[in-house]
Amino acid sequence: MKMLGAEAVIECLKQENVDVVFGYPGGCVLTLYDALYKADFPHILTRHEQGAVHAADGYARASGKVGVCIATSGPGGTNLVTGIATAYMDSIPLVAITGQVGVPYIGKDAFQEADICGITTPITKHNYLVKKVQDLPRVMKEAFHIARTGRPGPVVVDISKDVFNAMFEFEYPKTVQMRGYSPTFAGNSADVEAVVAALQLAEKPLLFVGGGVCLSDTADSFREFVELTGYPVISSLMGLGSLPSSHPQSLGMVGMHGTYGANMATMECDLLLGIGVRFDDRVTSLVKDFAPRAKIIHFDIDPAEVNKNVRTDLKVVADLRWSLPLLCKLATATREPNEWQSQVAPWLAQCQQWNRENPLPSAVASERVAPHSVIEKVRTLLADDAVIVTDVGQHQMWTAQYYDFVKPRSLLTSGGLGTMGYGLPAAMGAQIAQPDKTVVLFSGDGSIMMNCQELATVADNGLPITIIVLNNQVLGMVNQWQRMFYGKRYSHSSTHGGTDFVKLAEAMGVTGMRAATLEELDSVLQQALTTEGPVLVEVMVPATADVLPMVPPGGRLDQMVLGG
Amino acid sequence: MKCTLAVLVENRPGVLTHISGLISRRAFNIESIAASRTEEVNTTRITIDVEVDDELELEQVVNQLSKLIDVIKIVNLTHVDSIQRELALIKVKASNTNRSDLVDIVEIFRARIVDVNRETVVIELTGEQSKIDALCEVLVDFGIIEIVRTGKIAVSRGPVAAKEL
Ligand SMILES: Cc1ncc(C[n+]2csc(CCOP(=O)(O)OP(=O)(O)O)c2C)c(N)n1
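Here the protein sequences come in this chain order: A and B. Take 1 as the starting number for the first sequence in the UniProt record's numbering and just add one per residue. Take 1 as the starting number for the second sequence in the UniProt record's numbering and just add one per residue.
Excised from the complex, chain A in its bound form (with noise of 0.2 Å):
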C-alpha cells in the first residue's frame, strides 16, 4: 500500500500491537503527529520529554511489553537519554523513536540537530539512524525484535524528517534477518545437570534472585524449586517480587542496605546460585570479600554477565524460560523434596535465626511519624498484586525493606541508575498499562520535584494514582551519608521545607492531602485511597531518620551498621 513514511510509522506500531504512545511534538516530528490525529492514535502528551521515556518504561515494566516513546530531534532526543539509561541499566524493552533534520542538513549543526545516535550508542541495546523511507519497516521490525528478546534493552529509532514525508509502498516484513543477532534461549543441558551435582553436595546453599526473574515471567518456575530444595532465597532490589517478602524461605534483600539474615547468609553459604542477577556493587561491596567460601554458580541470558563481576564455578547461560523449568525437572528427577530439604533444614534455620535476632529497626513510640511505618500502613491498605512504584532515595530503601511484595512486577524501581525523578512517570505509564490495578508511587520531597510537571499529565488523564511523599525536607540519603561519613557537615541537602506539596499538586489539578501525626496518617491513607483521581499525600517525617542496617561503602557484608 502507498502512503507516507510517518503513517508507516504508525502501521508499524499497529502490528507489533502497541495500544499507546508517550510523547512530546516538535519541528522533525510534526508530519508523524499529524498522521497520529488522522489515525487516532492513542497518546498521552506528558510535560517533559524525560516524563515521556520513564512513562514508557513504567508501562513496559507493569505490563511486560514494550513501551513506546517518541521526541522531537535535538533537545527532545537529548531530554530522553537519562530515561534511556535508566532502562539501560534495568534491562526494560523499549523503543524511543525522535525525529532528525532533514536528511541535507545532517551533519551541518541544523537547527534542532543532535546526534542521538552518537549520543544514545552507550546506553541502548542497539539504535538506527533511517535516511531513506524504504528501510523503515525493516528498521522498524527489526527494533522491536531487539527491544523484546534476549536479553531486553531500549533501542533508538532517529529517524530523518525527509522519510517522514516520503511516499512510498508499505510493507512490513514477517521476519526479521540479523546475522549478527540471534539471542540465546535454549542452553547446555549438561550445564544444567552439572549445577544439579553441585547443589546435592551443598550443605548451605543459598539462592539469590534478581530482576531476570520478573523480566522473564517466570517467578512460578522460581518458586517450585525454592519449595522443592527448601533452600534460602536472598533477592537484588530488582529481584523483589519474584517470591513473597513473607515467604518463610525469603531472607529479604541483600547488599548495602539488605536484612541481617541476607547478608549474613551470603558470608556463610558454601554455594551461591545466582539467577538472572548481575551482582552489582550496591550488592557485592567488595567483590573479594564476597561469599568468600561459596562456590558460584551463575545463571543468566547474557554470556556478556557471567565472571563480569564474581568469578563464578558453574555457569548456565540461557532464557530463565528455559533453564528453570529444566532445573526443577532435574533437581525432582534426582531426590526427593524431604531429601533436598532435610539436608538444608539446619542452615535454614540459622539463616532465619539471624533475621530475628537482628530485625529490621521497627518505630520508636512518638508523635512524629516514622517514615517506613507509613509504608507499612500503606501495605495494609492494599491488595497484593497492586503495583509499587518509587523514587530513589531513602524512602525507596524503605520502600524495599519494610513493603511486603508477593507478585513479580509489583514494584517498579530506578536500580541500576538509581534515578531521582523517575517515579511520577512511571507510575503513570504504570496505571495507562493496568487501568485495574491500584498504583502507588513512593516518593521524597527531593525527587518527586524532578519531574512534577507530570502532576499536569496525571490529572489531565484522570489517572487514579495514589502519590505519597515523604517529606522530610532533607535530600535523606545525601543526608544520611553527610551525617555517616562526612562529620555532619550537611552540604547542599536541605530543601528546607518551601515548598507546599497539597498546594503544588492542587494548582497541576491533582488532589492535595497532608498528614503530620499518627493520627492524621490513618484518616488520610483511607480517604486518599478512597477518593477518585489522583490524589498526592504529603506525609511530614523527621529529617533524621537513617535507612538501617547499613554496610558502610567499601565494608564486607558482616559489617553492618545495625539499627533498632
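Treat the hints as calculated values from the structure; they're not laboratory data. Hints may be right or wrong, so weigh each one.
Pairs of lysine-lysine residues, derived as BS3-like cross-links and limited to a Cα-Cα distance of at most 27 Å, are as follows [unchecked claim]:
(1) B/Lys2 / A/Lys288
(2) A/Lys131 / A/Lys108
(3) B/Lys2 / A/Lys141
(4) B/Lys73 / B/Lys163
(5) A/Lys38 / A/Lys2
(6) A/Lys308 / B/Lys73
(7) A/Lys308 / B/Lys91
(8) A/Lys377 / A/Lys65
(9) A/Lys308 / B/Lys2
(10) A/Lys2 / A/Lys132
(11) A/Lys131 / B/Lys67
(12) B/Lys73 / A/Lys174
Stretches of chain A that chain B covers, calculated by requiring three or more beta carbons in the stretch to come under 8 Å of a beta carbon on chain B [claimed, not checked]:
(13) 115 to 127
(14) 178 to 190
(15) 300 to 309
None of the values given here were measured: they were computed from a predicted structure. We put the beta carbon where it would ideally sit given N, CA and C, even for glycine.
Once you have looked at the hints, place chain B with the ligand on chain A.
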C-alpha cells in the same frame, strides 16, 4: 597480555566507532585497530590488538563485543597459527653523506625506498610489528620526520577462513 581478535562486522556507517567505543568504555586498552572491506561487500573485517590482564578479561572483551548487533563473528587469533602484518611509511632525513648507509639498512630489512628528494627519503616496510619497530629504532639515528603505520592485520594459516573457524 596482548591478544589479536578478528572481528567480522556488518559494513555499515558507525560500526568502527561502536566497536572502539565499547572497548574503551569498558576500560580495555586498544593497542591497534585496522578495518577494511572483505571478499563480501557487506562485511567489514576489523583486526584488534587489545591488552588484557588475563584470559577472563579477554573473555569479557569477546562477550561484550559479541553483544553488538552489528558484530557477526569474533575469532581469537592469539593462539591460532597466523600470519600477521603491518605496513609502515617512514619519512627520514637523508643527506648526500649518509644516504648510502640508509640504502644499506633498507636492503637489510627488505624495505623499499618509495620517495627521495634532497633532504629526505620515504621508506615503505611491510612486516610483523616487531620488525617495523626494529627498523624505526635504527632510523632514529638519521632523524625520523614522521611515521605512519596501518595497525596490524592478521590471517590464519591453512585453507579455512576466519568466518568458518
Ligand atoms: C538524578 C539524580 N540526581 C542525584 C541523585 C543523588 N541522590 C541519591 S538519593 C538523593 C536524595 C533523595 O532525596 P529525596 O527524594 O528527598 O528522598 P529521601 O532520601 O529523603 O527519601 C540524591 C540527591 C540521584 N540519585 N539522581
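| query | Taking only the CA atoms, is the gap from lysine 308 of chain A to lysine 73 of chain B under or equal to 27 Å? | reply | holds, 21 Å
| field | Pair hint lysine 73 of chain B and lysine 174 of chain A, alpha-carbon separation not exceeding 27 Å | value | holds, 25 Å
| query | Has the given pair, lysine 73 of chain B with lysine 163 of chain B, been kept, meaning a C-alpha gap of at most 27 Å? | reply | holds, 7 Å
| Satisfaction of hint between lysine 65 of chain A and lysine 377 of chain A, Cα-Cα up to 27 Å | violated, 31 Å
| Is the hinted pair lysine 2 of chain B and lysine 288 of chain A satisfied, with a Cα-Cα distance of at most 27 Å? | holds, 26 Å
| Hint consistency between lysine 2 of chain A and lysine 132 of chain A [alpha-carbon to alpha-carbon, up to 27 Å] | OK: lysine 2 of chain A and lysine 132 of chain A at ~15 Å, within 27 Å.
| task | Mind checking the alpha carbons of lysine 308 of chain A and lysine 91 of chain B for me, to see if they're no more than 27 Å apart? | result | Distance of about 44 Å is beyond 27 Å: violated.
| query | Is the straight-line distance between the alpha-carbon of lysine 131 of chain A and that of lysine 108 of chain A 27 Å or less? | reply | The given pair, whose Cα atoms are some 15 Å apart, holds under the 27 Å limit.
| message | Count the residues of the stretch 115 to 127 of chain A whose Cβ falls closer than 8 Å to any Cβ of chain B, and tell me whether that reaches three. | response | holds (count 6)
| CA of lysine 2 of chain B to CA of lysine 141 of chain A, is that 27 Å or under? | Outside the cut-off at roughly 40 Å; violated.
| said: Run the distance test for lysine 131 of chain A versus lysine 67 of chain B: straight-line Cα separation, threshold 27 Å. | reply: Holds - the C-alpha atoms of lysine 67 of chain B and lysine 131 of chain A are around 25 Å apart, at most 27 Å.
| field | Stated coverage of the stretch 300 to 309 of chain A by chain B [criterion: 3+ residues, CB within 8 Å] | value | holds (count 6)
Of the numbered hints stated above, those contradicted by the structure are hints 3, 7 and 8, listed in ascending order.
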